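Order-wise, the sequence lines are chains G and C.
For the first sequence, this note's numbering assigns the number 1 to the initial residue and increments by one for each residue that follows.
For the second sequence, this note's numbering assigns the number 1001 to the initial residue and increments by one for each residue that follows.
In short, the hints are calculated from the structure, not lab data.
All values reported here derive from a predicted model rather than from experimental measurement.
Heads up, the beta-carbon is just placed ideally off N, CA and C, and yes, glycines get one too.
Keep in mind that a hint or two might mislead.
As the list claims (entries may be wrong) - If you want the footprint, here are the derived chain C segments under chain G, 3+ residues with CB under 8 Å: (1) 1070 to 1076; (2) 1119 to 1128; (3) 1171 to 1184; (4) 1191 to 1199.
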Amino acid sequence: MPTTGFFTDSTLCIGCKACEVACKEWNAVPDTAFTWTGESYDNTGGLGHSTWRHVKFVERLRDNTPAWDFSSDVCKHCEHAGCLEACPTGSIVRTEFGGVFVQADVCNGCGYCVVACPFGVVDRRPDDGRAFKCTFCYDRQKAGLEPACAKVCPTQSIQFGDLDTLRRRADERLVELRARGVIDAVVYDPRHTSVGGTHAIFLVRGDVGDYNLPANPEVPTVRLGEAWQAAGLTAAVLLALTSLAFLVGSP
Amino acid sequence: MRDREGRLEAVREEAAARGRVEGAAGPVTGAPFPAAASTTGYYGHPLLKAPVWTWEVPAYFFVGGAAGAAAVIAAVAAAAGADPQIARDARGIAACGALLSPLLLVADLGRPSRFLNMLRVFKLRSPMSVGAWALAVFSAAAVISAGLDWLPVDRVLGPLVAPIAGATSATAAVTGLVLATYTGVLLGVTAIPVWAAHARLLPAHFGASAFGAAVGAIELAGHRTPTLNLLGISVAAIETAISARLEWSPQPSGRVLREGAAGAFARLAGVLGGPLPLVLRLAASHTAEVRVVAAVCMVVGSLLTRLAWTRAGVASAADPRAAGV
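All chains should be modelled from the sequences, with the hints used to inform the complete structure.
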């Protein structure tokens, strides 16, 4: 099976939120969008247990002119996924398409994946008790279909396909945009970090921090070695101190 | 405002008449413009999700840690030939914690009926999986170990019970060491900045705190021996050193341990678990009342330490400046 991916080209996004709607409809995700945030045209705020696609509306001044940048965010489906490594039940698995998938019939809602995600994506749904996030439309991919968000995107801002092809296309698009004078365009695919790149890559304008994308995300398990070493050392010291106390203290 | 409305009308008329509009619609000035800034991220929304755990999880860190440390003290006391009543009471404390811990953890699950899914797989790369298995083995061993104390020891049962008691006590002690320290690994191996930045310190802090709570609990059960005072002094000294390190730690993400409500809480926990009982034990451990106060300080300090670290994690996740660097 080829590894599939998303390439979200924000320079093509018109902020229509069709991806948010299509995702909710196909996956039967509960509603969340009936609040007014006052943050531009955003009314979902961020990715969460019931928002698996989220269109960001970044307002700012560019060359002293108001600029309105849209970008559709989604689970990054990391090459080295923190949630997958943390999951103690084996509910979170890697699919044959390379996506990261939460098996809802196994999850017991321990909440460890929530703090293990360096992108703040996966979350526990309070009324349900289990963790939810983008499934990469695993059911649709199984049937040979593209994910609902990519299918419905009217401008091809969300592209779905073979990951390597999409990575090449992102690089080509970057060259094209730069040649046209869009010098602040960047491709977001943190392959230089322990996350090892993401299966959902993005092309955005300006600082990735403006879109709440971490510049240097780390998969938490990089600290497993040092943390267990510290635990082992602590256990040895405490056992030694206890033994010493009883040897010295006992008559 | 009237000018802008007028210009809008003109634009509409031009569009209706010609099918297109030339020139700008109007200047955009004077309106509040919420510019995005890299320092606050997207409208100040936290990049990370806050921990969803409620009070049961830090309470389990305390109960499970104290129980694990008590099992270690019980095994060492028995091996060193100390007063058998100390080992017996320590086993009792370990068993109480062993029974309470799974209840606390199950209560915090989003789907408590699926708690057995924790033992569906064993994943070395997941500290929670390792901890769940350690707790399962510990609970069984600690409860059997303490339960054997209730059996009448006679000539028939004695030779049968002794090896089982030894094996369960040793198993509880080994898994008890894991239980006392792994919760620090559990927090350190996450994306929450303040926990991640202290991935080495957390297991040491939680381990020392667990032993402090166990010593305090055994003392409160009536054993105010010099041995336990000595152990209490050593772990209080470790906790004092760790608190000092956190207070003057150069870690930027450690801000939440010093500022605001979470910071005040962390400081209170630090003083109760380390310096205060250390001074009391060194100065006046021969006075029974002072000894009791020191023991209570260590037990309460241990509980507050776990609550403080959990609160700090929530504050840290909400801090847009701490994440994503």
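Taking the hints in turn, this is what the structure says about them:
{"no.": "1", "hint": "1070 to 1076", "verdict": "holds (count 3)"}
{"no.": "2", "hint": "1119 to 1128", "verdict": "holds (count 7)"}
{"no.": "3", "hint": "1171 to 1184", "verdict": "holds (count 6)"}
{"no.": "4", "hint": "1191 to 1199", "verdict": "holds (count 5)"}
When each numbered hint is compared with the structure, no violation occurs for any of them.
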